[in-house]
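Enquirer: Those protein sequences? They're chains A and B, same order as listed.
Residues in the first sequence are numbered from 807 upward in steps of one, following the numbering used here.
Residues in the second sequence are numbered from 700 upward in steps of one, following the numbering used here.
Take the hints with a grain of salt, since some may be wrong.
What the hints assert, rightly or not - List time: in silico SDA-like cross-link candidates among lysine to any residue, alpha-carbon distance up to 25 Å:
1. A:LYS883 - A:THR941
2. A:LYS868 - B:LEU790
3. A:LYS868 - A:VAL892
4. A:LYS883 - A:TYR870
5. A:LYS883 - A:SER871
6. A:LYS868 - A:LEU878
7. A:LYS883 - B:VAL762
8. A:LYS883 - A:LEU944
9. A:LYS883 - A:TYR942
10. A:LYS868 - B:ALA787
11. A:LYS883 - A:VAL859
12. A:LYS868 - B:TYR846
13. A:LYS883 - A:VAL843
14. A:LYS883 - A:ASN869
15. A:LYS868 - A:TRP837
16. A:LYS883 - A:PRO863
17. A:LYS883 - A:PHE872
18. A:LYS868 - A:VAL918
19. A:LYS883 - B:PRO788
20. A:LYS868 - B:PRO788
21. A:LYS883 - B:VAL845
22. A:LYS868 - A:ILE838
23. A:LYS868 - B:GLY789
24. A:LYS868 - A:GLY880
25. A:LYS883 - B:ILE840
Since the hints were made in silico from the structure, they are not lab data.
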Amino acid sequence: MSDLASAESTSGDEAGENGIMSDRSSTFVGWITALAVFGLLAAYFTWIGLQNVITVPPLISKNYSFYRANGLDGLVKPLPWVQLIVALVAPAVAYLGAVLIGRRRSLGRRIVLLLAAACAASAISASVSAYVTSTYQL
Amino acid sequence: MSPEKNPVDHELDDDEALSWGESADSSYVEGPARGHRGDETADDADGDEDELPEGVLSSGMLVAHGVFAAILLLYTVAWLLAVTRATAPGLAGASLTLWHLGQWLAVFAPALWFAATLSLTPASSARRRVVWLLVGVIVLIPWQFVYGGTS
Numbered sequence: 807m808s809d810l811a812s813a814e815s816t817s818g819d820e821a822g823e824n825g826i827m828s829d830r831s832s833t834f835v836g837w838i839t840a841l842a843v844f845g846l847l848a849a850y851f852t853w854i855g856l857q858n859v860i861t862v863p864p865l866i867s868k869n870y871s872f873y874r875a876n877g878l879d880g881l882v883k884p885l886p887w888v889q890l891i892v893a894l895v896a897p898a899v900a901y902l903g904a905v906l907i908g909r910r911r912s913l914g915r916r917i918v919l920l921l922a923a924a925c926a927a928s929a930i931s932a933s934v935s936a937y938v939t940s941t942y943q944l
Numbered sequence: 700m701s702p703e704k705n706p707v708d709h710e711l712d713d714d715e716a717l718s719w720g721e722s723a724d725s726s727y728v729e730g731p732a733r734g735h736r737g738d739e740t741a742d743d744a745d746g747d748e749d750e751l752p753e754g755v756l757s758s759g760m761l762v763a764h765g766v767f768a769a770i771l772l773l774y775t776v777a778w779l780l781a782v783t784r785a786t787a788p789g790l791a792g793a794s795l796t797l798w799h800l801g802q803w804l805a806v807f808a809p810a811l812w813f814a815a816t817l818s819l820t821p822a823s824s825a826r827r828r829v830v831w832l833l834v835g836v837i838v839l840i841p842w843q844f845v846y847g848g849t850s
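Produce the complete structure using the sequences and hints provided.
Expert: In structure tokens form, the structure reads like this:
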């Protein structure tokens with residue numbers, strides 16, 4: 807935080823008291839707020855993805871041992887590791903991608919990018935959840 | 700009406716049919732300027748033929764925009780149907796609110812992807828824009844609508 811405060815004060819010294827400083831600092835505050843909000847959202851989706859990676863395969867395997875015990879080998883399908891891992895990494899990849907692509911662009915465009923990335927990540931998460939729950943009848 | 704005058708009239712009409720009309724006509728619109736390339740003649744500009752002035756889309760790109768917009772609009776409808784059908788998987792409190800938030804973000808994903816792509820890729824770089832729209836069409840397929848999942 808001290809680094810951020812000093813960075814702000816330096817930019818303020820350069821700009822003087824003609825309003826450019828307040829523009830810059832409000833853009834900076836807006837950007838930091840957007841980063842925090844969308845970062846938390848990405849963290850939440852990652853957390854859900856992690857929960858699914860940990861809890862879903864044992865659930866499926868439990869059903870599989872039941873199927874095998876009853877001679878229903880045809881119902882056994884490979885575990886959806888790829889889908890679960892895609893849902894796990896998608897929020898972070900989308901967030902970082904939006905930050906990288908948004909460099910040197912206006913605050914409004916950067917926020918639109920972060921919002922689009924968050925929406926895309928939630929769509930991917932929802933798709934993977936829907937696929938896993940319906941294919942494996944969880 | 701003398702019989703000799705008719706051929707002249709026809710001739711005038713034919714000439715008119717071969718021209719694009721008066722440029723003073725209010726419906727006349729000047730096309731993309733081709734004479735602004737310095738001393739280059741039109742024949743020299745083979746490679747640059749597709750280059751249009753900043754912000755002007757070619758017909759092909761206009762069609763592509765329409766197609767992508769239509770696909771993403773269909774995706775929005777599909778996501779909307781999927782989200783309204785979905786039931787929360789045994790959640791309560793903040794988790795339930797966040798689950799609903801995630802579902803509704805998915806509904807807005809296609810529209811926002813389209814808006815972000817248009818806002819962030821310049822109209823002049825058609826290929827980049829099409830590639831990003833294509834990525835959106837692939838990434839945002841509404842599988843939840845297809846599978847009808849619950850969570």
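Enquirer: Next step is simple, just say for each hint if it's right about the structure.
Expert: Do the hints match the structure? See the list:
no.: 1; hint: A:LYS883 - A:THR941; verdict: holds, 9 Å
no.: 2; hint: A:LYS868 - B:LEU790; verdict: holds, 23 Å
no.: 3; hint: A:LYS868 - A:VAL892; verdict: holds, 23 Å
no.: 4; hint: A:LYS883 - A:TYR870; verdict: holds, 8 Å
no.: 5; hint: A:LYS883 - A:SER871; verdict: holds, 12 Å
no.: 6; hint: A:LYS868 - A:LEU878; verdict: holds, 13 Å
no.: 7; hint: A:LYS883 - B:VAL762; verdict: violated, 42 Å
no.: 8; hint: A:LYS883 - A:LEU944; verdict: holds, 13 Å
no.: 9; hint: A:LYS883 - A:TYR942; verdict: holds, 8 Å
no.: 10; hint: A:LYS868 - B:ALA787; verdict: holds, 23 Å
no.: 11; hint: A:LYS883 - A:VAL859; verdict: holds, 17 Å
no.: 12; hint: A:LYS868 - B:TYR846; verdict: holds, 23 Å
no.: 13; hint: A:LYS883 - A:VAL843; verdict: violated, 39 Å
no.: 14; hint: A:LYS883 - A:ASN869; verdict: holds, 11 Å
no.: 15; hint: A:LYS868 - A:TRP837; verdict: violated, 46 Å
no.: 16; hint: A:LYS883 - A:PRO863; verdict: holds, 11 Å
no.: 17; hint: A:LYS883 - A:PHE872; verdict: holds, 13 Å
no.: 18; hint: A:LYS868 - A:VAL918; verdict: violated, 43 Å
no.: 19; hint: A:LYS883 - B:PRO788; verdict: holds, 23 Å
no.: 20; hint: A:LYS868 - B:PRO788; verdict: holds, 20 Å
no.: 21; hint: A:LYS883 - B:VAL845; verdict: holds, 19 Å
no.: 22; hint: A:LYS868 - A:ILE838; verdict: violated, 45 Å
no.: 23; hint: A:LYS868 - B:GLY789; verdict: holds, 20 Å
no.: 24; hint: A:LYS868 - A:GLY880; verdict: holds, 15 Å
no.: 25; hint: A:LYS883 - B:ILE840; verdict: holds, 23 Å
Hint violations for this structure: numbers 7, 13, 15, 18 and 22, all remaining hints satisfied.
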